[in-house]
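Participant: Residue numbers (the UniProt record's numbering): 1 to 263.
Source of the hints: derived by calculation from the structure; they are not laboratory data.
One or more of the hints may lead you astray.
Only pairs whose alpha carbons sit at most 27 angstroms apart, straight line, appear in this in silico BS3-like list of lysine-lysine [stated by the list, open to error]: (1) Lys92 with Lys181; (2) Lys58 with Lys29; (3) Lys96 with Lys181; (4) Lys196 with Lys181; (5) Lys181 with Lys58; (6) Lys29 with Lys181; (7) Lys92 with Lys29; (8) Lys96 with Lys29; (9) Lys196 with Lys58; (10) Lys92 with Lys58.
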Amino acid sequence: MTPVLNPETRCAPVAGRAQLRVTGEDRVKYLQGLVTQDMGRVVRDGIGYGALLTPQGKLIADFLLVAQPDAVLIDVAEDLADDLARRLTMFKLRSKVVVDRVEMPVTRGIGPAPEGALADPRDAALGWRLYGQALTQGEAVDWDARRIAALVPETGAELVPGDSFILELGFERLHGVDFRKGCYVGQEVTARMHHKTTLRRGLVAVQVAGAVPMGTPMLMEDGREAGVLYTQAGGQGLALVRMDRIGGPLTADGVAVSVSGEA
Numbered sequence: 001m002t003p004v005l006n007p008e009t010r011c012a013p014v015a016g017r018a019q020l021r022v023t024g025e026d027r028v029k030y031l032q033g034l035v036t037q038d039m040g041r042v043v044r045d046g047i048g049y050g051a052l053l054t055p056q057g058k059l060i061a062d063f064l065l066v067a068q069p070d071a072v073l074i075d076v077a078e079d080l081a082d083d084l085a086r087r088l089t090m091f092k093l094r095s096k097v098v099v100d101r102v103e104m105p106v107t108r109g110i111g112p113a114p115e116g117a118l119a120d121p122r123d124a125a126l127g128w129r130l131y132g133q134a135l136t137q138g139e140a141v142d143w144d145a146r147r148i149a150a151l152v153p154e155t156g157a158e159l160v161p162g163d164s165f166i167l168e169l170g171f172e173r174l175h176g177v178d179f180r181k182g183c184y185v186g187q188e189v190t191a192r193m194h195h196k197t198t199l200r201r202g203l204v205a206v207q208v209a210g211a212v213p214m215g216t217p218m219l220m221e222d223g224r225e226a227g228v229l230y231t232q233a234g235g236q237g238l239a240l241v242r243m244d245r246i247g248g249p250l251t252a253d254g255v256a257v258s259v260s261g262e263a
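With the hints as constraints, model all of the structure from the sequences given.
Facilitator: Take a look at the structure:
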């Protein structure tokens with residue numbers, strides 16, 4: 001049955017995402033030993049944000065974990081789905097689990113949520129998601145502007161598989177890593193970074209005087225690189241920067257950039 005939408009709700013199907021379904025009696029225990037999120041929290045809340053890391057603590061994929069009655073759904077960027085399924089299958093060993101890719105529509109929106117929708121666990125600004133339904137209503141939402149305002153990175157932009165360290169991209173603030181859950185792949189490196197006094201690099205919001213290509217280096221007055229500018233919308237942007245190099249004037253492709261907020 002199609003849910004009834006509040007007139008104030010704005011929503012549309014999510015593009016560029018894929019879903020993996022993990023089934024089997026060991027599914028929660030199996031994922032608990034692999035991902036950065038506490039699966040007990042996912043089961044309790046119905047949804048959680050997490051990642052699979054390399055043993056060196058670098059990102060393989062970030063995703064939303066959705067608890068279903070007989071499965072855990074993994075909502076991941078479409079271009080990472082097949083590799084993630086392959087890696088998860090490699091870790092099965094004797095665990096009684098099956099990892100399959102499934103076709104499932106997903107709607108995301110803001111405003112009053114329909115029955116069955118789940119609040120995005122990263123930040124309230126990202127609204128809600130409804131799994132199994134493709135619904136459209138109201139004007140399109142500028143999700144990039146919302147991500148920038150909430151300092152939320154995205155795979156394909158700020159998050160770079162094989163390179164990103166999740167704490168530098170704000171995963172602790174976004175409830176994407178649990179430091180009490182015990183071991184998972186990449187846990188040792190991530191825990192060491194967590195216990196540092198300060199991180200060398202971090203995600204920041206910036207004001208940009210004009211549009212520049214995503215991935216443009218940000219330079220200090222002396223020409224040294226201070227960071228990289230990524231997503232932009234309405235004169236605002238997200239950048240990953242060296243925290244010790246953002247005190248003075250910055251430019252990206254000759255355009256003035258100023259830091260307005262930090263993760």
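Participant: Determine for every hint whether it applies to the structure shown.
Facilitator: Hints versus structure:
1. Lys92 with Lys181: holds, 20 angstroms
2. Lys58 with Lys29: holds, 22 angstroms
3. Lys96 with Lys181: Cα-Cα ~21 angstroms, so holds.
4. Lys196 with Lys181: holds, 19 angstroms
5. Lys181 with Lys58: holds, 19 angstroms
6. Lys29 with Lys181: Between lysine 29 and lysine 181 the Cα gap is close to 12 angstroms, so the pair holds against 27 angstroms.
7. Lys92 with Lys29: holds, 11 angstroms
8. Lys96 with Lys29: holds, 10 angstroms
9. Lys196 with Lys58: holds, 17 angstroms
10. Lys92 with Lys58: holds, 21 angstroms
Consistency note: the structure conflicts with none of the earlier hints.
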